[in-house]
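**Q** Based on these hints, arrange chain B on the given structure of chain A.
For reference, the chains in residue letters:
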Amino acid sequence: MADKSATSDELLCEGRLSGPIVLSVETSCDETAVAALDGRRLLSSCISSQTLIHQEFGGVVPEVASRNHLSKIEPLVNQALDKANLQVKQIGCVAATRGPGLLTSLLVGYSFGKGLAIGLGKPFIGVNHIEAHLLSPFFGTEFGPERSIGLVVSGGHTLLVLVDGVGQYKVLGGTVDDAAGEAFDKVAKLLGLPYPGGPQIDALAPRGNPHRYDLPRPMVGSRDFNFSFSGIKTAVRYLLPKLEGDYVADVAASFQEAVVDILVRKTMAAAAELRVDLITASGGVSCNSRLRQRMGEAAERSGKRLLLAEPALTTDNAAMIGYVAVQRSREITGSDLALDADPNLALA
Amino acid sequence: MVNRLVIENSGPTGSIVLARDHAIVLEKTFQGSAELARMADTTIKEIDRLDEIVVGIGPGSYTGLRVAVATALGMKLALGCRTFGCASVLGYPEENYLVIGDARRGAFFLAEIRAGKLPELPRLIPRADLGAEISRASLKRIFATSPAEELPDVEVMLPQARHLLGRDESFQDLREPIYLKEPHITQPK
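Which chain is which? The protein sequence lines are A and B, in order.
Counting from 1046, one number per residue, gives the positions in the first sequence under the numbering used here.
Counting from 307, one number per residue, gives the positions in the second sequence under the numbering used here.
Since the hints were made in silico from the structure, they are not lab data.
For each residue, glycine too, the CB sits at the ideal point set by N, CA and C.
Take the hints with a grain of salt, since some may be wrong.
[Claimed, not checked] The calculated label-pair distances, taken between Cβ atoms and stated as ranges, are:
{"hint": "1", "chain 1": "A", "residue 1": "VAL1216", "chain 2": "B", "residue 2": "ALA413", "range": "57 to 63 Å"}
{"hint": "2", "chain 1": "B", "residue 1": "ALA438", "chain 2": "A", "residue 2": "PRO1388", "range": "38 to 44 Å"}
{"hint": "3", "chain 1": "B", "residue 1": "VAL460", "chain 2": "A", "residue 2": "ASP1269", "range": "56 to 62 Å"}
{"hint": "4", "chain 1": "B", "residue 1": "GLU426", "chain 2": "A", "residue 2": "ALA1357", "range": "47 to 53 Å"}
{"hint": "5", "chain 1": "A", "residue 1": "SER1116", "chain 2": "B", "residue 2": "GLU475", "range": "55 to 61 Å"}
{"hint": "6", "chain 1": "A", "residue 1": "GLN1132", "chain 2": "B", "residue 2": "ARG411", "range": "44 to 50 Å"}
{"hint": "7", "chain 1": "A", "residue 1": "GLY1084", "chain 2": "B", "residue 2": "VAL460", "range": "57 to 63 Å"}
[To be verified] Covered stretches of chain A, as calculated for chain B (at least 3 residues, CB under 8 Å):
{"hint": "8", "segment": "1140-1146"}
{"hint": "9", "segment": "1356-1366"}
[Said to hold, decoys possible] Pulled from the structure, derived: some chain A residues nowhere near chain B, Cβ distances all over 12 Å:
{"hint": "10", "residue": "SER1093"}
{"hint": "11", "residue": "HIS1114"}
{"hint": "12", "residue": "GLU1119"}
{"hint": "13", "residue": "LEU1126"}
{"hint": "14", "residue": "VAL1133"}
{"hint": "15", "residue": "LEU1161"}
{"hint": "16", "residue": "ALA1162"}
{"hint": "17", "residue": "GLY1166"}
{"hint": "18", "residue": "LYS1167"}
{"hint": "19", "residue": "LYS1287"}
{"hint": "20", "residue": "LEU1319"}
{"hint": "21", "residue": "ASP1385"}
{"hint": "22", "residue": "ALA1386"}
Next comes chain A alone, as it looks inside the complex (with noise of 0.2 Å):
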C-alpha cells in the first residue's frame, strides 16, 4: 500500500503549496498538541490542555494525562487539519515526540503518529521535545537555527546548549536538582497559589520588592555551567514561617529575581566564554515578563543578539515539534517507525 503512485489531490497539493506538508503531534506531557505546516509555513497549530484537569491534584498525574491524551488525540489531528484546510492524504510527513517526557503520555501521540505515517505510507521523525524547545526562538525567521548559546528553561528542564546547527548540539550544562519551573511551581505552593505556579508568580511579583529579601545564588560563581535552584525553595520554606503580614508579592518578587538572576548570569557567562554572538532563550519560562526583560537588557549591554521564543511557542506545543521535522526531513531518507519512544531521550 505504501508504495502507491501519488493521487491527483496529492499532486494538487505540491503544485498548489510550497514545501512537503508535515503533521507533527506532540504529548510529552500534560498538553494534546497537532500542528501543520507547509515547509517553515504554520498552517494550524491546535493544543488541548489538561492543566484544570491536574490543577486539583497539584501536578501532573500521568495515567490521567495518558488517559486524556488517548480520547484527544484524533479529534485535534481533525481539527489541525480543518483549521489548516488540508485533506489526511495531502500529508507528506508525520512528525510525533519520541522525548524525553512521560512515557506514557509519549507513546500515545508516537504510536497516533507511527499508525497515520504507516496508513498513509509516508516518512516518520521521531522528535526529540528538548531539541524542538531549543529551536523554536528560530521558527518564523527568514534564517534557520545558526551558532548560538540556547537557553532551555521549563518545568521539566533546565539546560544551557551551543547549538552549531541543526542536530550539532553540545550540553553547556544543566540543573543538578530542581528545574527552574519546577522551583517556580514549588515556591508558589508554599505561598498558597494555584499550580501552575509560574505565571501566578509571573503576574504577582510586579506588585512586590524584589530585594527586600535576600534570597541565594546557588552556583551563580560556580566555573561551570550547571545550575541549582533547590535552596532558593528551600531558604523561602524557613523564610515563610518568620513573616507577616502582606509579604506573598515581596517573597514573588524577591524568588523570582533570584531565579532570573541566575538564569541571565549563567548564559550571559557561557556566550562570553565561548565568544557566541546569538544567544536564544525557549521553554515554558522564557515566557517569564522579568526573564525576558533582564535577558534584552543584559543582551544590549553585551552587544549580543537575542532571540526568545515567541510566547505561544514556549509552552508545549506541536508547532516545534513540526519545525524540528521540516529541519530534519531533508537530511532523512528512512522512517523512524523502529525507533521506540525514550522517556530520557539525550539531547546530544
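**A** Here is chain B on its own, set in the frame of chain A:
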C-alpha cells in the same frame, strides 16, 4: 472480500493477524511498541486495501493497549477504514472459560466467557480471595494471563489476535481500553 487486521497487545507479547474474509493470510508476534509499528507497516503492504482494524482492548497492560489503540486510530484516519475494539479476554480458543489476570496493587480480574461472549465486564477481586473464587467457579476451563503462586495448576496463556478474528458479535466502536480502575493518584506532600 473484507481485509481485516487484528491487533492484540494486552500483555508482554502481542500478536497481529491479517485476514481475508476471516481466513488468516499472515500472522506475527511482537514485543513492544516499535515492533508493533514495524509489523503493522509490513503487514498492510501485503494488500491493496484495508477495510477493518480490530484491536484487543483488554483488560491488560494499559500502556500496551493504548499503543495498539492509538496506532489503529492513526491508521484509520489515513486509510479511511473501520475500527473496532474487542475485549482481549475473548482471544482464546474456547467458547466457555474463565480468564484470570493480574490487575496490580493486590488485585486480580476475573472474566467469564460464555458461548464465546463476555456477558459482563471483568470484575476485580483481592488476591486473598483468588483461591476461593476459583474453587467456586462454574467454568472449569481456566486461563491465566501470567503465572501466579495462587494459580499453580492454571494454564498460562496470553490472548491472541487469531482468536479475536471471528468474534464479530462482540465488536464495538474503538475508543479506549477497558479501564478496570480509576487512575492511581498519590497526593504530593
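**Q** Give me the numbers of the hints this structure contradicts, sorted from smallest to largest.
**A** Checked against the structure, the hints that fail are numbers 1, 5, 8, 9, 11, 12, 13, 14, 15, 16, 17, 18, 21 and 22, while the rest are satisfied.
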